[in-house]
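S.K.: The lines below spell out each chain.
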Amino acid sequence: MERRNFFKITSLAGGGLLLSTYLPLACTTTKESAFDWEPNFFIRIGSDNTVTFICSQSELGQGTSTGLAMVAADELGASMDTLKIEFGQGSAERYGNLQDTGGSNGLRIVWSSLREAMATTRELLIAAAAQKWQIDTDECYCEDGFIHRKNDEEKLAFGDVLDIASTLSAPREIKLKEFGDFKYIGKPIKGPKTRMAVNGTTPYSINMKLPNMLYAAIERCPVWKGSLSSFDASEALKVPGVVEVLEVEPTEVQATDYRGGVRPGVAVLATSTWAAFEGKKALKIEWEMGINGLKSSQDVQKELEDDYKTNSKANVDLQNATALFEGGRKVFSAAYDSPHQANACMEPLNATAYHRGHKVEVWAGTQSPQLTRDRIAELTELPLAAITVNNQPSGGAFGRRYFCDYVEEAVILSEKVRVPVKVTWSREDTFLTSKYHPICKDYWQASLDTNNFPTAIKYRGSISRPGGYRCYPYSVPIAFYDYLKYKDDWLLPRASWRSVYAHPWGLGMECFMDELAHNAQEDPLQFRIKLLENAKIVEQKALPWVGDDFYPEKLKNTLEMVAEKSNWGKKSEGIYQGVSAISYNTSYCSMVADISMTNNQVKVHKVTAVIDCGLAVNPSQVKAQIEGSILWGLSATLKDAITVEHGHVQQSNYDTYDLMRISDAPEIDVHIVESTDTPSGTGEVGVPGVAPAVLNAVYAATGKRIRQLPIRSSLLQSTDS
Amino acid sequence: MKNLKINGQLLQVNADDNMPLLWALRDVMDMTGTKYGCGKGLCGACTVHIDGEAVRSCITPIGALEGKEITTIEGAEGNPILQTVQEAWYHADVPQCGYCQSGQMMSAAALLSKNSDPNDEAINMAMNGNLCRCGTYTRIRKAIKNAADSLDQNNN
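Note that the protein sequences, when read in sequence, are chains G and X. With full-length UniProt numbering, you'll find the first sequence wraps up at 721, consecutive numbering, no jumps. With full-length UniProt numbering, you'll find the second sequence wraps up at 156, consecutive numbering, no jumps.
Chain G extracted, bound-state conformation:
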């Protein structure tokens, strides 16, 4: 059944539209003396047999370039050992609107079109070889970068048949390979990305150097929505290497808030990054702090709490959940707080731009090469065709690099000086004047029957995301109440942060489920399984990049597996367990945290996780994503948060915003559900369940409910159960 489903999905997506989009037929170019054949925008085959995969999606460390290269190599019959990888420039003309990388979509949105393009290329190579050999195409197959004759030693390299292949028309029908024919998919392959990282040669944009390039550092307004009053550059200009000091005019956050939001600032342009940083320190600047100058985190917290007291209407009411609260039934309520957070990518934000008057070229590690290109066209008032966005691998992105303000800055400065400019954010800049995961407060209520078993749920989430409810898996009817939507002038500007709103959502839902289980005196894991047994399939069609419905039985399966793998309920003395179950972007992940408590300090010993992400194209990378997500979630649970006083962020570097370090890292045991369903995302589904698994374990250990992040030992001293 699983297998049939797999073929149904791929053949469904195999319409002519995609083929015509992805296959400008027999498009050939000559580069220097070698002959290159580019049958589509994913692949380039040289007469010297070089096969280059052009990765349309962004490589942020999640391994998309390796995973997609494996898919391409398998469907084409190329060799991963010799496959070269390049990154596609931002281009809707080439890749449709499915290029920007977010929501763990890298693999799943190009899975079908990439395979179709490669299968077509393969058939053209085979047809060309068959013509050379004067035999039937059925007598030939592609493997390891050669076209082979069946039952024969004879073979032709791809490069040997380009003269013919490039003249052929695409076949009307193509056959995708069957699962059993894959040589790479399903195996822990390492691509060129791993080798480059180990050699230190990954071409991050922070390494960019162009002739006549200036290095820029910007002092940005420390308070969001503040403005520049005046500045004195005289001391900065005395710093050796400083060439120029320029004002940076702010840009408004656009309706789609990935665009705009450049803060007012003063830029120092110099002959090295260090000189620019030193020059920046010597600037004297007066700021007008504006509407947020007196505001602090507590003020926003209070705004959320005050708004909760106002009336709100359910915008989604599944199975008449609201009605099930009426008639004086017993109600149980809880609220969960999560603070502002920073992405804190190891590669600080940076971008290089070269504005030549009539055209602009940028180099940046970006999740949104197309959106960024559109935005630069808008900003510079140049046609889209005049804008080139070279997408470099990112040293971490986690949502922050979907927002293109840092690229806008480089363009703004290069437009002024008309030489290439590289803007490098200092680490302090990335904490003090960036964009942030928003502060949230989520309210949950359950109507209980006489056995304290929930009969209906109300959810009222701050800044709730339309569509977030689609990840609610349980059979208990639920009603969704929206309240405060994030406002762009609100204390700090918003960015996406690994798993975005699924993190506060998961924190609330999975802690609340635990509380409900204990109210009903049931085992928290078995309680969830019970609530998943009769749950309905949830449609996810509203999100265009999610191609699949949500199946509660898959989540239930991960729960049953994690119970077994974690020895749920059978732990040695002093070790306490907590569980969570999350579905996000059509992947499913359950996890169990094993903790101990000493002097009100939580120690996480082990996290066991089970993920169902459909077909695991590269199991080593799938596991790596879950391992990384667990560490990400643990940093938010056990380490620091972003707090604001009088408009100023209080955390400026890794000393005040610490992250999990190797000595904090627990043992991690990840299991992948075997599946041949269409691959779904793995980069985020592991995050939202981490905090609730740990908090539920803390309850198991102490009988105290912590409902806010991060966990502080003071909370454990003062909180009543």
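Read the hints as simulated data drawn from the structure, not as lab findings. For each residue, glycine too, the CB sits at the ideal point set by N, CA and C.
Label pairs and their computed distance ranges (CB to CB): (1) X:E66 to G:K281: 18 to 28 Å; (2) G:P203 to X:E53: 28 to 38 Å; (3) X:E53 to G:K238: 27 to 37 Å; (4) X:E87 to G:L237: 47 to 57 Å; (5) G:T137 to X:L11: 57 to 67 Å; (6) G:S169 to X:N14: 53 to 63 Å; (7) X:P80 to G:L210: 28 to 38 Å; (8) X:A122 to G:P203: 27 to 37 Å; (9) X:N14 to G:E249: 32 to 42 Å; (10) G:E143 to X:A64: 55 to 65 Å; (11) G:N97 to X:G52: 44 to 54 Å.
Place chain X on chain G using the hints.
M.R.: Okay, now just chain X, sitting in the frame of chain G:
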């Protein structure tokens, strides 16, 4: 102008004495394997070896480095321990974004040059100054142990 011995070669570096080695390497010498992470010695992304010790290059001015042996990730060819560490990193599939990994491997190589069989505690001590936001720590630990085993086999 300074004469610095980097990866076994004596090189002229045309930069201010106060410039941290990190920026001299990256912006002046075009050796970009060493990474800027925090500028304060808090994250370890810029770790290099100076006379065999793991040092944060972001807080080490070049003025004090004449006559010292500087090793960066680009110098792995002449450093069998670092090469072994790189291979262990590759085979354990450690890197995700990879940005911190030059620094991680430099710290690990410095550890293994002094302690051929580090236990978990020794690994924690040597590696706690190296942050990884992608969360590759469990694989880093495994790779260090594998590298120690490989070095042990080579020596026997």
